[in-house]
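These protein sequence lines are chains A and B, in that order. Those letters in the first sequence? Residues 1 to 495, per the UniProt record's numbering, in order. Those letters in the second sequence? Residues 1 to 260, per the UniProt record's numbering, in order.
No lab work stands behind these hints, which were simulated from the structure alone. Since we're looking at a predicted model, the values are computed, not measured. Some hints here could point you the wrong way.
[Said to hold, decoys possible] DSSO-like cross-link-like pairs, simulated, lysine-lysine; straight-line CA separation at most 27 Å: (1) A:K227 x B:K154; (2) A:K81 x B:K113; (3) B:K113 x A:K227; (4) A:K107 x B:K113.
[To be verified] Residues from chain B that face chain A, not an exhaustive set, calculated with beta carbons under 7 Å: (5) A29; (6) H42; (7) P117; (8) F134; (9) L170; (10) A173.
[To be verified] Stretches of chain A that chain B covers, calculated by requiring three or more beta carbons in the stretch to come under 8 Å of a beta carbon on chain B: (11) 168 to 179; (12) 351 to 361.
For every residue, glycine included, the Cβ atom is placed at its ideal position computed from N, Cα and C.
Given next are the chains, with one letter for each unit.
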Amino acid sequence: MWNRRHGRLRTVGCGMEELRRRRREREAELRKARREQQLVSKRLLRDDTPEEAEGGCVALILGEAEIQQFLWLAQRGTGEKEREGALVSLRRGLQHPETQQTFIRLKGSMRTLVGLLTSNQALLQLEAARCLHELSHSEQSAVAEACLPATSYLLTYLAGHSSDLIELCLYTLGNLIVESESVRRQLLPQGIVPALASCIQSPHLTVLEALGYALSQLLQAKEAPKKIIPSASACSSVLSTPLPQHMLRLLQPGPKLNPGVAVEFAWCLHYIICSQVNNALLITHGAVSTLGLLLLYLAGAVQRSEDAGLELLLCPVLRCLSNLLTEAAGGQVQLRDERVVVSLFIILQFLLQKQPSLLPEGLWLLNNLTANSPGFCTSLLSLDLIEPLLQLLPVSNVVSVLVLTVLCNVAEKGPAYCWRLWPGPLLPSLLDMLAFSDTEVVGQSLELLQLLFLYRPEAVQAFLQQSGLQALKRHEEEAQLQDRVHALQQTALHR
Amino acid sequence: MQLPPALHARLAAGPGAAEPLPVERNPAAGAAPFRFAARLVHFPREHEFFEDGDVQRHLYLQDLFTRVAVEPEKPRVPEFTCQVAGCCQVFDTLEDYEHHYHTLHRNMCSFCKRAFPSGHLLDIHILEWHDSLFQILSERQDMYQCLVEGCTEKFKTSKDRKDHLVRCHLYPADFRFDKPKKSRGPATPIATLQVPADALGDDREQSEGDAMEVCSEHVAPRTEPMAERPTYSHRIPSTICFGQGVSRGFKSTKKRSKHQ
Ligand SMILES: [Zn+2]
Ligand SMILES: [Zn+2]
Ligand SMILES: [Zn+2]
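From just these sequences and the hints, can you work out the full model?
The following block contains the structure:
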């Protein structure tokens, strides 16, 4: 998968400490970009020798004359080796932003490069595609946009048979897609959606992963819910192609599941599903059961602590399932197996240890599983999962609220459920929560207490014995809580 | 977080679910001042709830969500030659050979030996250039299919098609759609997707299938070392084959043994 292929390249030049520092910086930038709705990323595909891979430092800045010379040699050099060599030199130069700028300012250079891209000579063509790819990866909009004359050719080659070239075209297109909406307004009429759809049956995993990347870049676009996903608008939309069925096929668990490919398509599915364009269609294709089985598979892998990169699938899969469950079109009906709940707890345990920032997403799914399902609420009780759930309470306020909400889902189902909640560890944990000051956390604790007292009046006595009234008193003055605090005090005192 | 030991066994066992306990709600539950009601929650893509997950996704995209892993070396093999009759390209990796084969030999027109980037374009080419009924039919109905896969439009002339491609599919105006038929042999309307020809002095013959040279006028003034280079009129060594040139000059059908 992507990081396996490229991990080595990234760590050759610098130590782990340096890598961590860069990651922290980048994370802060990404967070900021996310808040400004500017979150875009590009990928750089370099299949290079290690010397070359060590990064920008090796890339020579080329001047205008040198660029011209390489282009000229690429067209007219004696023999294939020389021509190819000239393009290799040009490509290495293009790894440097300054060379990129010079290149796009040079009149006719892009035209020549596009000419080389359409060459009949396979290796020359591949090398030209690599040059374009370097340019497409640029952070300078002007550089990436200079590649636009090439897009109709890049799209045409997607229907070809050379997996190397297709992969390269896909990563290049994937980079260009996120450049701007105007770029996408050019790519859509050029037929990018059917062209991408034509690749999905490729037997090459590298092509599939690249396809997933390009498609996820397209689906991530702000205008995707209106212009790219809908099935109404004829041949140029994703839902009207066979893409959805194939995406689900590539997410089917089993020995054929490729983590790198699956990660990309799971994100594609997330972008489609959260847009709520036509989730009924996906459900008809079996999206809920496929994702449910995938969740079981992921839990199995996590439990065996396999280091296969499958954990990258967790986030998009949790999101897809959770959002699909909110569909009226029967998302719930396809999911009855209690092993889904079992898997989710194994995954929650994994997230707590490895990626606690994703815990809320897992608990969100648990909420959507339990909200309307007496069956899953019963499983939570019969599989002794209340106590592990309570252990998550201290993680953060967001997590506490979600845990309490799930417990409310169970409690609101009535006396039979609350009989299983008390006696037990629930009440002491709730009393601990009342010591918090976060209004939402305390508020949700009050809701749960009300349900518990209503359906399991015996719990009131225990509450009083454990200084519950004093705990409530702390929040008497809080505007958003006081009504509920008073109501609970009344219940407790007049029982 | 301590999970009950039986849980792992449950995952390994078959599907199933507990018999749900009876649901029995009291209207007082969630009544004011309380407000809880079990709800399914949908989050749209921009919701801040997704921030952490989105950031991780992009760290992965940018290669920073990574652990050290070893990449397998490209397997090197002894040099070998393309086996296709008339082709004599030499390779030292299987990848290069595969790429060459797929680009040049996979979608090749069996009549005129031109290579096309896709099966769709090859089909159109064969129809328009080697199907004797095409000319007759095209006088009566629109026969020129759009080149974009998935578009079902057809046109009376290739010129109309070109206009459509430029207007509706935003193809570049210099996209190489039509190459006039030359007396010397078959040409192709969709000319293996070569961009450049218009850029050249128009009536210059395209030589040896060398698609790129036509851009030359744009590669501005040649610098000294380049100017010194002799410009061969026939500069393609006979050991190298090109898609368009395959039919010319490479009649040899000898097959060299290749090593795997
Ligand atoms: Zn060959
Ligand atoms: Zn032909
Ligand atoms: Zn069309």
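The hints, checked one at a time:
no. : hint            : in the structure
1   : A:K227 x B:K154 : holds, 25 Å
2   : A:K81 x B:K113  : holds, 24 Å
3   : B:K113 x A:K227 : violated, 41 Å
4   : A:K107 x B:K113 : violated, 34 Å
5   : A29             : holds, 6 Å
6   : H42             : holds, 4 Å
7   : P117            : holds, 5 Å
8   : F134            : violated, 22 Å
9   : L170            : holds, 5 Å
10  : A173            : violated, 10 Å
11  : 168 to 179      : violated (count 0)
12  : 351 to 361      : holds (count 6)
Of the numbered hints given earlier, the model fails hints 3, 4, 8, 10 and 11; all others are met.
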